[in-house]
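Can you make the complete structure from the sequences, with help from the hints?
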Amino acid sequence: MHTKKVFFFLYLMIVCLPVHADEMQIQAVSTQHAKVPLVLAVVDGTKLEDVTSTLKRDLSFSAQFAVTVKSVATKPTKKDIKNLFADGFALAVFINEGKNKTIEWRVYDTLQGNMVKGKRYAKRGDVAIGWAHNITDSVWPVLTGQDGFFSTKIAYCKDVKHAKSKTTKYVCIADYDGSNEQILVDLPTVNVAPRWNKDVNNPLLFYSEYTNENVRLVAVDMHKRRRITSNFDGVNMLPAFSQDGKKVVYCASRGKGNCQLYYCDKAGFKQLTDNTGNNISPSLSDDDKSIFFCSDYQTGRPQVYVYHLPTGKIERITKGGFCASPSYCAQRKQIAYTKMVEGEMQVFVYDERKKNHTQLTTSLGSKEECAWSPCGNYLVYSVQQSGWSRIATFNMLTKQQRYLTSTKEHCSYPAWSPVYFQFPVVRA
Amino acid sequence: MWRWQPKNVHRRYALWAKLVVTSAAAHVVMLFFLFFVYRDRLNDYALTVSRNLLKQDVSILIMQAQMAPRNQTVVGARNTSTKKPEPQKVVQKKQIQKPPVKTAVVEEQKKQEIKQAKPVVKKEPPKQTVQQAQQKKVEQPKKEVPAVPQVQPKAIEQAVAASDADLPIAIDGQVYDVETLLRLAALQEEFVRCWKPPVGMPEDCLCEVSIFVDMNGKVKTMEMIKASGVLMYDVAARSALHQMELPRWTRGKTLTITFKP
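Just so you know, the protein sequences line up as chains A and B, in that order.
If you want the numbering used here, it's the 1-based position in the first sequence plus 6.
If you want the numbering used here, it's the 1-based position in the second sequence plus 37.
What the hints contain is simulated information worked out from the structure, not anything from laboratory work.
For each residue, glycine too, the CB sits at the ideal point set by N, CA and C.
It cannot be assumed that every hint is accurate.
Unchecked claim - Only pairs whose alpha carbons sit at most 27 angstroms apart, straight line, appear in this in silico BS3-like list of lysine-lysine:
hint : chain 1 : residue 1 : chain 2 : residue 2
1    : A       : K414      : A       : K325
2    : B       : K263      : A       : K41
3    : A       : K107      : A       : K123
4    : A       : K360      : B       : K255
Said to hold, decoys possible - Here are some chain A residues pointing at chain B (derived, C-beta under 7 angstroms):
hint : residue
5    : I32
6    : Q33
7    : Q38
8    : H39
9    : A40
10   : A96
11   : L149
12   : L403
13   : Q407
14   : A434
So this is what it looks like as structure tokens:
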């Protein structure tokens, strides 16, 4: 009985013990950065060499991943995935050739050994590089939470010298990193200011072609088939399309000497501005209700304005200086433009919500004709310095500038395409 | 039956009475052990590591616990109510980092006054009863302790070396236990060493991970309390935890870490 009492009291003491959990809350902020190690594993990769190399290049582009390519014989098990974590890889992407012209991709979390996401990609077109870019566009949001931009093209004009010191401008397109350059328009004329349309199933490039009579607006498809779209007297250039592709704003002089903005939709053709200045470089907002453009009608020096379509009201955004080339970004709700600073044009952004201006670039060289990538994380513009002109991209996340063309070529007027359904490739 | 037990009380009620008394006694014993015997008890606190680790205008003032204002609690301090405090002179140490001008002038004045002052007889702080302490703990389960301001760990070590190690340290008006500060500083350094997120992360990106450290110093369980929504960011945070060499005093404890880019 006495023993029972002792055990009973001991039991009570244990049960009645106050629970004291030792818990601590800590916040850690980094002081340095490192790439996330990622393994790109190809299952039976003899047929996917081009795809693998392009995938590796795409994933390494933003300097956020350290990509290692591995070839495996079979699809992985959970143990194989966990072994990858032991090898130092935090993420794994597996690709393999599927049935019926498909490629399967899977993203794995190696620590937990489970699949995060996987998909079967049906091949579009017959270019392996295009498949790889399409796959990266699907994998990228899973890894980074950002939209993909790898299936896009950058169009620009390149100077070509001919006999008798004649120089013409060809229209070229290249991948987002400047690779795979192809000439789309190679006529012996001056062709400037290319602009992409927004129809994801039918990529078209609009550009302005110099003739003896005027500067006309021409559309060209990936088969190099051209069609004249606006042929008024004087200048016809710089079209901006709505999200649905059914409305367009562009500038034309119609023989009057100065450019005005014209709006075209199903309802008809309408002149938006009527002043004594030059109104150029229109850019439509994502809701198609505002048009950002450049004009010198008020101050004699070009400024950035916004035209509200429902009310017809014009509001000035920039205050002073020499500003040009506004470009609207729907993701960021920001307008990028160039402004003269100490004799050189630099890139600025205006935040629509915060109503403030921020200078992005400070490096040497005049930046012209800035345009946003579809994901809103990159800007493309031309940099002119010491007689050369190059195309460069600016990473909004890392604030790094990267050149796409060399100093040996004179390139200008860049334009970034939307993400088309099928990767655009020029076909003769 | 016990001697004091009334004879006409039913056995069942007597048993219940005995149980209640026994459990209350057990509680008292354990609380006595926790508050008066077990000295390694640590409170919940928050610690922030930022890029600007050096804060030049923070004044470090070494002072006695009895000089701390009544409305301020000493974070992580040992309970000295059992000790009889001896009257001591309050010596003001020179500042390790440059304080604002006003603080410097005021402190200079204080220094001179203190040197001339007589030793202060310390009043014993009012003792909290066990019940009051328990009540406080129940009412305020999540006590928000202000974050430790950013001071270089070496500065803390120098301050500690220059002063009596048992005396608490006041930083920016808050009083901290020296041992706690040193431990936090060491843990801060380890986190800064291992936490390397990828570039280009937005400033509002953060994830919260809870880990339990076993008695061997290894991360036994890891739970993602709040994901950032960016897979590569969460993965980088977990990888950092696996690379960390956690100090001895974290063993047997649950840590909740918020990772900021």
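So, going through the hints one by one against the coordinates:
| no. | hint | result |
| --- | --- | --- |
| 1 | K414(A) / K325(A) | violated (37 angstroms) |
| 2 | K263(B) / K41(A) | holds (22 angstroms) |
| 3 | K107(A) / K123(A) | holds (20 angstroms) |
| 4 | K360(A) / K255(B) | violated (46 angstroms) |
| 5 | I32 | holds (5 angstroms) |
| 6 | Q33 | holds (4 angstroms) |
| 7 | Q38 | holds (5 angstroms) |
| 8 | H39 | holds (5 angstroms) |
| 9 | A40 | holds (4 angstroms) |
| 10 | A96 | holds (4 angstroms) |
| 11 | L149 | holds (5 angstroms) |
| 12 | L403 | holds (3 angstroms) |
| 13 | Q407 | violated (14 angstroms) |
| 14 | A434 | violated (39 angstroms) |
Going down the numbered hints, you'll see the structure goes against 1, 4, 13, 14, while the others check out.
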